[in-house]
Amino acid sequence: MACLVACVVLGGAGCGVAAEAGPPRAVTERFFAALAEGRAGEACALLARQAAEKVAEEEPCDRALAGLGLPAGGAVREVAVWGDEAQVRMAGDTVFLHRYADGWRIRAAGCRPDPPRPYDCEVEA
Amino acid sequence: MKRFLRDNGLTLFFLGAFLLSLLGQALAGQARYNEQQLTDGGDPIPLLSYVGSSDFAVDVAENWQSEYLQFLLFIVVTVWLVQRGSPESKRIKDIGDESEEQQQMGAYAHEESPGWARGYGWRRSVYANSLGLVMGLIFVLSWLGQSVAGTAAYNAERLSRLQDPVSWGQYLGSAEFWSRTFQNWQSEMLAVASMVVLSIYLRQRASPESKPVGEAHATTGEEN
Numbered sequence: 309m310a311c312l313v314a315c316v317v318l319g320g321a322g323c324g325v326a327a328e329a330g331p332p333r334a335v336t337e338r339f340f341a342a343l344a345e346g347r348a349g350e351a352c353a354l355l356a357r358q359a360a361e362k363v364a365e366e367e368p369c370d371r372a373l374a375g376l377g378l379p380a381g382g383a384v385r386e387v388a389v390w391g392d393e394a395q396v397r398m399a400g401d402t403v404f405l406h407r408y409a410d411g412w413r414i415r416a417a418g419c420r421p422d423p424p425r426p427y428d429c430e431v432e433a
Numbered sequence: 081m082k083r084f085l086r087d088n089g090l091t092l093f094f095l096g097a098f099l100l101s102l103l104g105q106a107l108a109g110q111a112r113y114n115e116q117q118l119t120d121g122g123d124p125i126p127l128l129s130y131v132g133s134s135d136f137a138v139d140v141a142e143n144w145q146s147e148y149l150q151f152l153l154f155i156v157v158t159v160w161l162v163q164r165g166s167p168e169s170k171r172i173k174d175i176g177d178e179s180e181e182q183q184q185m186g187a188y189a190h191e192e193s194p195g196w197a198r199g200y201g202w203r204r205s206v207y208a209n210s211l212g213l214v215m216g217l218i219f220v221l222s223w224l225g226q227s228v229a230g231t232a233a234y235n236a237e238r239l240s241r242l243q244d245p246v247s248w249g250q251y252l253g254s255a256e257f258w259s260r261t262f263q264n265w266q267s268e269m270l271a272v273a274s275m276v277v278l279s280i281y282l283r284q285r286a287s288p289e290s291k292p293v294g295e296a297h298a299t300t301g302e303e304n
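Protein chains in written order, with this note's numbering: chain E, 309 to 433; chain Y, 81 to 304.
Just so you know, not all the hints are guaranteed correct.
Computed footprint of chain E on chain Y, listed as stretches where at least three residues anywhere in the stretch have a Cβ under 8 Å from a Cβ of chain E [what the hints assert, rightly or not]:
1) 122–133
2) 242–256
If you anchor each label on the Cβ, the simulated ranges turn out as follows [as the list claims (entries may be wrong)]:
3) E:Pro368 <-> Y:Leu107: 40 to 48 Å
4) E:Arg385 <-> Y:Gln116: 24 to 32 Å
5) Y:Phe98 <-> E:Arg385: 39 to 47 Å
Since the hints were made in silico from the structure, they are not lab data.
Quick caveat, the model's predicted, so the values are computed rather than measured.
Backbone N, C-alpha and C define an ideal beta-carbon position, used for all residues, glycine too.
Given the sequences, and given the hints that come with them, work out the whole structure.
Right, here's the structure in full:
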């Protein structure tokens, strides 16, 4: 509890428990690596079920995801983890993830800020 | 054992009621949380995980801080403010700090007075205000707890809505924080005001919170 207090009070908005940042960061990096190397099916497997279903509304997920032309992720700049939600800011994109029973999955990718409204995302659950 | 239960019944009753209520809040809160999780396509969580979550912590802390604020204000404000006819008020002529003789402190302390009430200097000053100080400390810590757990819960909610998280400082200035705070404060202030005024005219036989049933409406404080 003392750690959480110090973290929240002294840290910034992205403070969200550094030890927990690893898994969502790793999933995000695998997602963009798979896309960059033409393994869209593998990238689809890293999407949250609802996001994958939405992408695959008109054609199979791998083809639809490859066709979206998501920006290259690039280097990870910041990871924020709060509860079961995470945001990974990269040089070329911002990604939102949710922690499910079987691990972190991407809920939204290809996101552009649109303050004060939510991010406008190409892929969204 | 019987005697212990009788002598401490008030504390034991409220501690028991507190624990049962907290359990009820945890169970109902977990059910509500899991309902939302399923709606959002997430997985339900076990009770222990919910009890350790910022959602549960902020709901608990926001109620605690307002209760301790209510008692802190009631304890401190009643030193200087009175209500004619209310048993919750002291007598009109006693407004203020009262004399050391009335407070049985310093030279007027008796054999059974607490040690720090008999002494002089900072110990006596601290002890003379210790109830308010401790209630105030618990209020501040609970409010801090509300703000910390609230930041975590609010940020999880913002991320789920595809919005950037905020810092603790930003959360302290947010409508979310002040809405949670004021909605609790208003009910506490209303409850105290009602108790002070209703106890002028209404009675509860044999309750120390009430005047005796036949006491005049105009009687204030310990005159009864």
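Practice task
Mind checking the hinted window 24 to 32 Å against the Cβ distance between Arg385 (chain E) and Gln116 (chain Y)?
Solution key: Given range 24 to 32 Å: holds, Cβ gap about 31 Å.
Exercise for the section: Go check the stretch 242–256 of chain Y versus chain E for me, would you? Three or more residues, Cβ under 8 Å, otherwise it fails. Expected result: It holds, with 8 qualifying residues against the three required.
Practice task
Count the residues of the stretch 122–133 of chain Y whose CB lies closer than 8 Å to any CB of chain E, then report whether that count reaches three.
Solution key: Held - the stretch 122–133 of chain Y has 3 residues with a Cβ nearer than 8 Å to chain E, which meets the minimum of three.
Handout entry: Cβ separation of Pro368 (chain E) and Leu107 (chain Y), checked against the hinted range 40 to 48 Å
Key = holds (43 Å)
Exercise for the section: Determine whether the Cβ-Cβ distance between Phe98 (chain Y) and Arg385 (chain E) falls within the hinted range of 39 to 47 Å. Expected result: Once the Cβ atoms are compared, 46 Å apart, the range 39 to 47 Å for Arg385 (chain E) and Phe98 (chain Y) holds.
In this structure, none of the earlier numbered hints is contradicted; all agree with it.
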